[in-house]
Structure formats: structure tokens, C-alpha cells
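Undergrad: Protein chains in written order, with the working numbering: chain A, -18 to 136; chain B, -5 to 325.
Wrong hints could be hidden among the right ones.
Claimed, not checked - In silico DSS-like pairs for lysine-lysine, Cα to Cα no more than 25 Å straight-line:
| id | chain 1 | residue 1 | chain 2 | residue 2 |
| --- | --- | --- | --- | --- |
| 1 | A | Lys112 | B | Lys45 |
| 2 | B | Lys267 | A | Lys107 |
| 3 | B | Lys234 | B | Lys45 |
| 4 | B | Lys119 | A | Lys112 |
| 5 | B | Lys305 | B | Lys41 |
| 6 | A | Lys89 | B | Lys8 |
| 7 | A | Lys112 | A | Lys89 |
| 8 | A | Lys14 | B | Lys267 |
| 9 | B | Lys267 | A | Lys112 |
For the record, the hints were derived by calculation from the structure and aren't laboratory data.
If you want the building blocks of each chain, they are given just below.
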Amino acid sequence: ENSQEVPARGCCQDEIKPSATKSGCCQDNSDGKFDSKGIYELIRNIMDPEHPLTLEALNVVNEADVKVYNEREVMVLFTPTIPHCSMATMIGLAIRVRLLRTLPPTFKVTVRISPGTHVSEHPINKQLADKERVAAAMENRNLLAVIEQCLTFEE
Amino acid sequence: MGRLEGSHILHGHKGRVWNVAWHPEGHLLASCGEDKTIRIWGRDGQKWVCKTCLSDGHSRTIRAVSWSACGKFLASASFDGTTSVWTYTKGDYDCIMSLEGHENEVKSSAWSHSGQYFATCGRDKTVWVWEVAEDNEYECAAVLFNHAQDVKKVAWQPGRDILASCSYDDSIKMFREDGTEWVQCANLTSHTSTVWSIAFNGSGDRMASSSDDLTVKIWQEYPPGNAQGIETPDNIPAWKCVCTLSGYHSRTVYDISWCPLSGRIATACGDDKIRVFQESPESDHDAPTFELEGTADGHTQDVNAVAWNPKEVGLLASASDDGTVRLWCAK
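Extracted from the complex, chain B is given alone in its bound form (with noise of 0.2 Å):
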């Protein structure tokens, strides 16, 4: 039975903490919240000490950090209905970009691991592709307007230009490039409330969300040609629900983060805990079980984010209405 244990909390942030980012070497850690700043952590001997405070780069809320894959940039998602793109360079860190377009509050914001692509959305119902160029120019790629109500987070698929999206509409959405037009090519509706977040494992070819609807469910690629028989109408890969893991969560599940290391799964929830899942040894592939590994009780409010450290194996990061932002080690 495994354990989660409570192993550094991190004070700074006045207010609600409502995203963690890891950096992708795993040495760093980004956190923003409702104080409109972002906060970079590492380590300084045993301990975790903020390195940098960003407090000028927007005027509300800030909902969201992501880090692109080669590390150089990160990027602030905004109420105030921009995103930033910031660099480190001198010793500090630049805002390079501010990316206008939505309407109001954008809510998630994910660079593909190309590092090609880069996605935004917002309360405005859309989802923004933007192209990167060399000279770090953004240009927009396409706009969507393919859900019904606001869009809660973005996610690239690993290994793929394959984009994934959440939302208040109850689905999440797949889009892909076609030529010169993105396009929706999935459109899975098993929730029955918010889907507030989604998240690839390390090989992309399973995806976990989590809902208002209190449950956690694990969908899996089926490539044309397929063993098992999946359709897959257009030569397009079909998704499908093989898992729904409910009975655990007692309030809003509002976030989940899939080990690429070692395939632990964590959920940030409504009701102050962080929960970790793993697959069951004697799973079967196309209809896999899960088990709860272990639960952790620390935060004193709503968790709103959790993060594996993508180098260091058992590590994880989380952000609490509790003000604080923890770190934790499952054994």
C-alpha cells in the first residue's frame, strides 16, 4: 500500500493558489493564483524557497502556468483575458508576449511538444491554435468555436499535433491539423457535469479527466486497424471510455495529473484531499481497474492543482484555496 507524505509547504502566495507548472528538467516550479503574481520555486539545500515573484505581468486573476517543452518559455493565463510568454534571460525573467484575442478570461494555455503549437481558451467559448515561428513570433492558427460554453483547460496529446480540450459544456473535444484548418476529430461525452481537467499519460495513448460530476474516467486511443475491432470512421483514431473511477471523490474533481515515470495518477478535489490512483497489476488493457493508492489530507481548502515532477519519480506539487502550494512524496 502505497503512501503520500507531506514533505515541504510553500508560503507566499497571498490567497488562492489556482495552478502548479513543473518545469520540465523537473528543477523548477511555477505557481499563480487570485494575487495576480506568479511564484518560481526551487530548491536551495533541503529546502524550497521562492526564486522569483512575477507581479507585473497582469492586472486580475492569473488561472494558469504552463511550461513549454524545451523549458525556455512560460506562459500565465489571465482573467484579465491575456496570456503571457515569459523567458529567462540575464538572470531574470522577460515577458516577451502578451497574446490578446479572447474575449475575457482565459482559463489554460499548453505549448505542443513539438514545440509548433501553442493553445489557449477561455470563458468565450473558443479555442485559440497559435503557430510559433522561429523568431518567437505567435501567429493565430485557428479559432474554435466547437464547444457550447466556457473551455476549462487545453492539452496536447505527447508525440502528436493533436490537441484536447475541456469544458462547462459537460464534453471534451479533440482537434487535429487538416491542411491549413484545424478540426475537430473527437468529441467524447460520458460526463455528466464540468469537465474541469484532462491529462495525457506519458505515452499519449490514454487521456484521464475529471468533472463535477465527481468521477475520474480513463479514455484510450484505438488507431485505425486495431486489434480489439474499434471503428475508426475517416482513418482517425477513435477514443473511447474504458474506466470510470467513482465512489472516491465527495466534491468537484478539479484537476488530475498522469506520471509519465511511473503512471500514478492524481487528483486534486473539492474536498481538501489529494487522491493517488494505479492501475491494478492484473489489469486487463480494454478494461482497465484502478486502485486507490493512497489519499492525503494536509490542504485545509478546495485543492485546485496537482503536478508530478516529471524527473523525480513520486514527487508531487499542489495549489490550494488554503493559500499554500505543497509538495509531496508517494512512497
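Only chain A is shown next, with the shape it has when bound in the complex (with noise of 0.2 Å):
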């Protein structure tokens, strides 16, 4: 349980190792910046927790909400399927993951819920936007099992 070897941060550090959202890590465009293009693409293919489709084809995602500022600043709204929607942290934290995963480590990723579009809008900013505790949940094996689903999709 208590290896001593952890693989180092930044592109797939993470305990569980997942195959399929492996060979995109760390890969920028061919002139090394990243646009709001290219990280909608890295999210878009997400699968829902609930249903088995994307969160493009659900139109939780789209390339106007994705934002990118500075050259290492993004800024990603999601829009539940409805204001009582169960999965939105679920959702958001896959989002965030597949960024962290995914993009180089001194982006500084931002992931929040378009307003005004959930019941629990200011509640579920606030916990993905904790560091600490998106750590700990990505730390909790059944947690992550489910965004492991999540992100398990083709390139």
C-alpha cells in the first residue's frame, strides 16, 4: 500500500494509471500554446457519469465557455443537464482532472458552473476550486474509479 516510488507530478501522476487518456498527455499544438480550440477538445469527448454520452453531445460543454487568458490561464463553464443535477461535482471534477492530466503543469485551470444554470451553483465552485480537497477525493479509490470512467474514451 505505502510505496515509496511515486511517479513524478504532472502528466499522469496519478496512483491509477489510465491507458486510454495517457497518449494525449502533455502534447501541446505544433507552435507549444494552447487556444480555447484545443482544450474543448481535450473535454469534449468526456463521457457523463449517468449516461452514455458525451458532454458535448449533452451540451454540458461548448467551445464558447472555454476560455483561455495569458497563454496559461483557463477558464472552463459547464452547464448541468438540469439545476438539480446529482452528478455536477462529479462532472466538474472530471473536467478538472483531465486538464490537470493533460495540460502542462504551470496552467493554471479553472472550473466552474455557468451561473445560474444549478441549485448548488455556489457550493460546487467552491470545492473544485479547493486544491486540498480535489487532492484528497483524487486520492479515494472509488472516486476515482468513476472519473477514470469518465475519461476513458478514444483520442
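Combine the two chains into a complex, taking the hints into account.
TA: What follows is the structure, encoded as C-alpha cells:
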């Protein structure tokens, strides 16, 4: 359990390594810069935790809600399918984890709910912004297994 | 105008480094992180080297380390729900105690300056006060349920057995012993988001706090009968926010350290920077002003912790998501 050698942080650094997401790891586009289109490509195929559909197919994410600032800050807004969606935190986590694994580690990633689209918007945003909670969640095997499921898709 | 110069970069941790803590004598620095190890660094000539790596204490991320005031003990708080106490004997660090009780992640621990008490806090929203007996037995003296959300950090007031804690519920609370009970004696609610860290000044009459609301606040203690006429109900000292530093930090301020020697305040920020503030020479005691003395770039990712060396003026340690521990000199 208590392994002494822990993989280096950056890309693909979690204990359970997803084979499907590994191939796109840390690859910039040709000029070495990420734009909103490139970042949208990284998240549009994330699977919904409950339905056999992608976040793009469910209109949970769209390219217009991905913004890149100063070449290293990215803000993603996502829209839960219904205002009471119980999976909103999980979807936000999946987006965050996908970006933490694929973008260079110097990127600042913010993932939030589109304003006014969920009843628990503020608490969920606060939770997604707390990197200590995100780190702890990623060490929770059950939670991580659900996230991995969402992130298992063809590039 | 002061400057903060990078003096050493300490490599060794794999992944995020969460915390650093100086030994009270200032000659050793402990660090910990997501690689589940504690590293203890010391001087070797002009260099700083890793003297010891403790890798068998915890099964998950080690969030924080702290030394006892006597310097004999080191505590590590982990996401695995336990707090370990280590001591140096016969050339090696031994884990002499594993404190259990928290339901899940432990986020911080601290010894009182008297050495009589030890405190831990965690995601289960509780603060635990432990009484330390002479034979190194730790007995739970209180479990405090006052916070509404996870508790990020605990710190003891210098000179007195008063405990402060800060939380995801945006508040800072203080506790004191009343007979056999531990009771809340202050509830500071001026921050508008998670309070990540708190630090007392050397004399203990001021405290600084750092928050996700991008501000730093300075709090001042007003004892009963204070000349300013601040009310102190039940003869319990009142704490007031006397200064808010806003506009300096562009992301969450994860940690804060108040140098007992120079009075400087250092902050660790999610914008990868370390900032050093100093009280202005013409500052009013009851409405103090602080100036930004210097900013240090160097870390390439979030800075999670800062700590002033307790013996060497101007020596600052920091820990970052970039996997390094760095030492800086404030000139």
C-alpha cells in the first residue's frame, strides 16, 4: 500500500494510470500554445457519469465557454443538464482532472458552473476550486474509479 | 526597498510539496508532500542537503509537518486520517505515536508553546486538543465541533494556551481551557472565502490570516481594560481586524508566516509568487499599515507554504506544487 516510489507530478501522475488518456499527455499543438479550441478538444469527449453520452452531446460543455488568458490560465464553464443534477460535482472534477493531466503543470485551471444553471452553484464552485479537496478526492479509489470511467474514451 | 533573493533550491520530493517547518533551533527544515514522505534538510558546508527521508509513516499525502517547541518531536498530519509523532533517537527518527480519531484527512497539527497541549484538525470539521503527559502519552482532551466545514489549520498563541483554527467555513475561531472543558472564546468572520492559514506574531498579540478571498488580514488582541476602550465581554480578550491587505494577490493565498525576529510577513500564493510585507514606520498601532517590501518569482507553480527561520533573520523557506522546496534571503 505504502509505495515509496511515487510517479512524478505533472502528467499522468495519479496512482491509477488511465491507459486511454495517456496518449494525449502533455502534447501541445504545433506552436506550443493552447487555445480555447485545443482545450475544448481535450474535454468534449468526456463521458457523462450517468449517461452513455459525451459532455458535448449533452451540451454540458461547448467551445464558447472555454476561455484562455495570458497563455496559461484556462477557465471552463460547464452547464449541468438540469439545475438539480446530482452529478455536477463529479462532472466538474472529471473536467478538472482531464485538464490537470493533459495541460502543462504550469497552467492555472479554473472549472466552474455556468452562472444560474445549478441550485448548488456556489458550494460546487467552491469545492472545485479547493485544490486540497480535489487532491484528497483523487486519492479516494472509489471516486477516482468513477472519474476514470468518465475519462475512458478514444482520442 | 527590500529584496527577496533565492539562495537554494532543494530537490528530492516527487510531486507537490505541501508544507515546510523549521526546527525551533533553525538548523533543520522539515518538508512533506503528496509523495507521502517527510524530508529533513540541513546544512552541509554552504549547501543544504536532505539529511533524512521518512517514507514509512503514512499511506496517503502528508499535508503538514510541525515541530514541538522543545525541538524533540516532529508531527506529520496526513490525508490517511492519522497524525504521527516522530522523535530523533540514536541517529534516526522513530515514529513513537500514531494518533487516530479523525474520520478522514488530517490537515494540520501544532504543539502549544508550553508543550502541554497538541492540536489537530481535519476535513471532518473537528479540532482535537490532546493533552501531552510526561511519558509522551497523548490523551484527547477535547473534540471541538464549532466549525461548519473542514478545518484547514491550527496554531497556538505564543505565551498562552489559546488555540486558533481557520476553516473552509470562512471563519477563524479561538479556544481556551475553562476548567476541564475547552470552549470557544473568539469567532472572527471577516473573510469572504476559505481561510487557508493563520500565523501569530512573536509576542502573540497579533495574528495574520490568508484566504481564498485574495486578502490577508491582520487581527489584534485587546485585553480586558484596554486603553482603547474595546469591549471585552466576560473579561475575555477581544480580537479585531485592524488591517486588510487587498489588491496584492491574484489567486488564493495558501499560507502566511510572521517572522518573530523581524516582524515581516510572508505569503504563499497560487499565482506562484511569494510576497513579503513589513509594517510601515509611521504605522498607527490600532490601524496599522503594511507595505509590500518584496516579491519573489522562482517557483513555477502554486506556492503552498512559507516559513521564516526562527533564528536566522531573513531566511525564508517555501514549498510548491513544482516539487521544490526553496530557501530565500530577505535583504
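Undergrad: Hint by hint, note whether the structure agrees.
TA: Here's how the hints hold up against the structure:
{"no.": "1", "hint": "A:Lys112 <-> B:Lys45", "verdict": "30 Å, violated"}
{"no.": "2", "hint": "B:Lys267 <-> A:Lys107", "verdict": "22 Å, holds"}
{"no.": "3", "hint": "B:Lys234 <-> B:Lys45", "verdict": "43 Å, violated"}
{"no.": "4", "hint": "B:Lys119 <-> A:Lys112", "verdict": "17 Å, holds"}
{"no.": "5", "hint": "B:Lys305 <-> B:Lys41", "verdict": "18 Å, holds"}
{"no.": "6", "hint": "A:Lys89 <-> B:Lys8", "verdict": "20 Å, holds"}
{"no.": "7", "hint": "A:Lys112 <-> A:Lys89", "verdict": "11 Å, holds"}
{"no.": "8", "hint": "A:Lys14 <-> B:Lys267", "verdict": "23 Å, holds"}
{"no.": "9", "hint": "B:Lys267 <-> A:Lys112", "verdict": "17 Å, holds"}
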